[in-house]
Amino acid sequence: MTSDPTARRTWVWLCAASLVLAAAVVLGVMIGPAGTISSSNWNIIWHVRMPRVALAAVVGAMLSLAGASYQGVFRNPLVDPYLLGAAGGAGLGATIVISFGRTATSGWLVDPLPLAAFLGAIAAVTVTYLAGAAFGGMRSSTTLVLAGVAVASLTAAIQAFVLQRSSDGVVRAVYNWLLGSLVNATWNEVTLVLPYVVVSAAVLLAHRRHLDVLRVGDDEALTLGLNVRRVRIVIVAAATVGTAAVVSVSGLITFVGIVVPHAVRMVSGGSYRRVLPLSLAAGAAFLILADIPGRMLQNPAETPIGVVTAFCGAPFFIVLLRTRRSTV
Amino acid sequence: MSDLPFTDLEFTDLTVQYGERTAVHPLSLGVPAGGWLCLIGPNGAGKSSLLRSLCGLVPHGGTARIGGTETAAMSSRQRARSVAYVPQAPVLPADMTVFDYVLLGRSPFIGYFGAASAHDRMIVRDILARLDLAAFSDRRLDSLSGGESQRLVLSRAIAQGAPVLLLDEPTSALDIGHQQQALELVDRMRTECGLTVVSAMHDLTLAGLYADRLALLHEGRLVAEGSPAQVLRPEILSEFYGVSVRVHYDDDGTVVVVPNRRAR
Chain A
59 MTSDPTARRT
69 WVWLCAASLV
79 LAAAVVLGVM
89 IGPAGTISSS
99 NWNIIWHVRM
109 PRVALAAVVG
119 AMLSLAGASY
129 QGVFRNPLVD
139 PYLLGAAGGA
149 GLGATIVISF
159 GRTATSGWLV
169 DPLPLAAFLG
179 AIAAVTVTYL
189 AGAAFGGMRS
199 STTLVLAGVA
209 VASLTAAIQA
219 FVLQRSSDGV
229 VRAVYNWLLG
239 SLVNATWNEV
249 TLVLPYVVVS
259 AAVLLAHRRH
269 LDVLRVGDDE
279 ALTLGLNVRR
289 VRIVIVAAAT
299 VGTAAVVSVS
309 GLITFVGIVV
319 PHAVRMVSGG
329 SYRRVLPLSL
339 AAGAAFLILA
349 DIPGRMLQNP
359 AETPIGVVTA
369 FCGAPFFIVL
379 LRTRRSTV
Chain B
396 MSDLPFTDLE
406 FTDLTVQYGE
416 RTAVHPLSLG
426 VPAGGWLCLI
436 GPNGAGKSSL
446 LRSLCGLVPH
456 GGTARIGGTE
466 TAAMSSRQRA
476 RSVAYVPQAP
486 VLPADMTVFD
496 YVLLGRSPFI
506 GYFGAASAHD
516 RMIVRDILAR
526 LDLAAFSDRR
536 LDSLSGGESQ
546 RLVLSRAIAQ
556 GAPVLLLDEP
566 TSALDIGHQQ
576 QALELVDRMR
586 TECGLTVVSA
596 MHDLTLAGLY
606 ADRLALLHEG
616 RLVAEGSPAQ
626 VLRPEILSEF
636 YGVSVRVHYD
646 DDGTVVVVPN
656 RRAR
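Residue numbers (my numbering), protein chains in the order written: chain A, 59 to 386; chain B, 396 to 659.
Hints are not guaranteed to be accurate.
These stretches of chain B come out as covered by chain A in the derived footprint (C-beta under 8 Å, 3 or more residues) [to be verified]: (1) 449-457; (2) 474-481; (3) 488-494; (4) 498-508.
If we take Cβ atoms under 10 Å as the criterion, some of the chain B residues that face chain A in the derived model are [stated by the list, open to error]: (5) Ser470; (6) Ser471; (7) Pro485; (8) Ala511; (9) Arg535; (10) Arg551; (11) Gln555; (12) Leu561.
Chain B residues, not near chain A, derived (Cβ > 12 Å throughout) [stated by the list, open to error]: (13) Ser423; (14) Gly430; (15) Gly589; (16) Asp598; (17) Gln625; (18) Glu634; (19) Pro654.
In short, the hints are calculated from the structure, not lab data.
In this text, a Cβ means the ideal position worked out from N, Cα and C, and glycines have one as well.
Using the sequences and the hints given, assemble the complete structure.
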C-alpha cells in the first residue's frame, strides 16, 4: 500500500485537509458575537459555539460528499445533491409544517419540522426514481435527471400554492428556512443527524472505486464487470438519506455540494478514491468557515449561511468554468 | 498471462432485437480458439449489435458460448473475465492517468469492497511495458495522441485477462500508419496472450489482411462467410455494398479491394 505513489499522495492530501479542518474548528470556536475565547465563558463555548461548529462540519461534510457522489454517478460536473428533488421535497415538507402546523404542533414533544423535511426529501427522490425507472428502464441516467426536474417543478408548484395562501409571517419563516441556517444548532440536532450521516458516508466512501470505474461511462463500466444499475441505486440512496438528514436540520444550504468537490478535483485530480475522502474533510472545513461571517456581519442579527455559501460559491463557480480543466 | 488456455467462441441462432426492429436475425457462427474473425458489412448491418450482445450490453436471443460456457449464465464479473470489449469511441476521462485507466481493466478481479492488489498493479505495469506505454504511466489521458490512445484502450482490454477480445472499429479514427501499428499489436497479443479476436471493420483490405475468417453481414443476416479470398469477391461486394470494385489476389494470399471510379 505504502509503496504505491498514488496511495501515498492521497495520504498527504488527507493529512493536509485534516489540518485545514482542525484550523477551521479552532477558528469557529474562537470567533463569535460574544468575543474571542478568552473573554467568553465555557457555557457559550460548549452550548452555543461547539454544537454550531459540529453541525456545520457534519452538514458541510455530508453535502460535499453527496455532491461528489452524485457527480460521479451522473457523470455530470454541474450536479448537486439536490438534483433528484431532495431540495424541493424537503422545502415542501417544511413549508407545509410551517404553514399549517406551527400552532397546532407547538406543544409537541418532538419538533415535526425536521421530520417533515426529511420525509419530503426522501419521498421526492423516490418518486423521481420510480418515474425515471418506469420510463427509461434505467438504461440512461438522463431520464432520471429529467424526472428529477419534473418532480422539482411539481414540488415548487405545490409550495407556491401553499405559500400564496399563507400570511406574511409564514412566508418569511419558510423563506428563512429555505436559505439554510445553523442558528438553532444544539447538540440535539448534531446527535439527531449524526447516525444517518455516518452510515451514508461509510456507504459512499466504500463505493469510491466503483465511481472511478463509472468514469468511463455506463457501457464500458458494465463490460468491466460493474453492476451499474445496482451501484447507482446504492449510491443515490445513500447520498439521498444523508442529504435529507442534514437538510432537515439546516435547511437548503446551496453550492457546497458543487463547489467543494470541484475545488478538491482542481488540486488533487479527478480520481474518486481521493475526491470522496477529501470532499468530506474540505466540506466540513468550508462550512465551518462560511458560518463565521454569518454570525458577525449583521451582529446581532444573523446572515443566513446559504447567502454566504452562494455569495462565495457563485463567483468561484464562474472562475471554475473559465479555467476548468478537470472533468468528472 | 501468456498461459491462458485458448478459448473458442460459438453462437447459435443468436438474435438482437431493439423494440420492434430486429438488428440481428438468427445467426450461427463459430470462432476457433486463437482465431480472428472479422465482421464486415455496410453500416447498420448488425456488426456492432452482435459485438455488444456478446459482452452483455444488449440482450440477445439464442445462445452464445465462450469455451463451452453459456454467457447468459455468467454474472457480469464472470463475463468481464471472459470477454474484453473495445468500443468504437471509448470514453477517456481527461484527467485520469494512464496507469489508473489500465488498472480499470483489473476491476473484474477486485472484490466489491476491495482495492487493487500488488498483483494487479504488477500486471498493469507489465502490460504498459509490453505495449510501450511504460513511460506514459503518470500522464493524463488528454495528453495522448490518437495512436497512443488506441494502444491505451487495448492495454486496458488486455489487463482484463479475458480470452476473448471484441473490437468495434478499432482503426476507424487512425491514419494508415497507426492502423497498421494497432492491428499488428492486436495480432501480436493474439499469439502472445492466446486471445480469440472478433472485430468489426470497414476497411475490407485491412480486414482481409489480418483476420483469418471474414463474416459479411447484411441487414442483420449472415450472407457470406469464409476466408478473405472467398468472401471478398467483386460480385458479392457489389450485391451487398452496392459498389463496383476491383479485387486483386496476390500470390501471398493478400486480397486488395479497390473501388472503381465511375465513368465520366
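Hint by hint, here is what the structure shows:
no., hint, result
1, 449-457, "holds (count 3)"
2, 474-481, "holds (count 6)"
3, 488-494, "holds (count 6)"
4, 498-508, "holds (count 6)"
5, Ser470, "holds, 8 Å"
6, Ser471, "holds, 5 Å"
7, Pro485, "holds, 7 Å"
8, Ala511, "holds, 8 Å"
9, Arg535, "holds, 9 Å"
10, Arg551, "holds, 8 Å"
11, Gln555, "holds, 7 Å"
12, Leu561, "holds, 9 Å"
13, Ser423, "holds, 24 Å"
14, Gly430, "holds, 21 Å"
15, Gly589, "holds, 20 Å"
16, Asp598, "holds, 24 Å"
17, Gln625, "holds, 32 Å"
18, Glu634, "holds, 33 Å"
19, Pro654, "holds, 33 Å"
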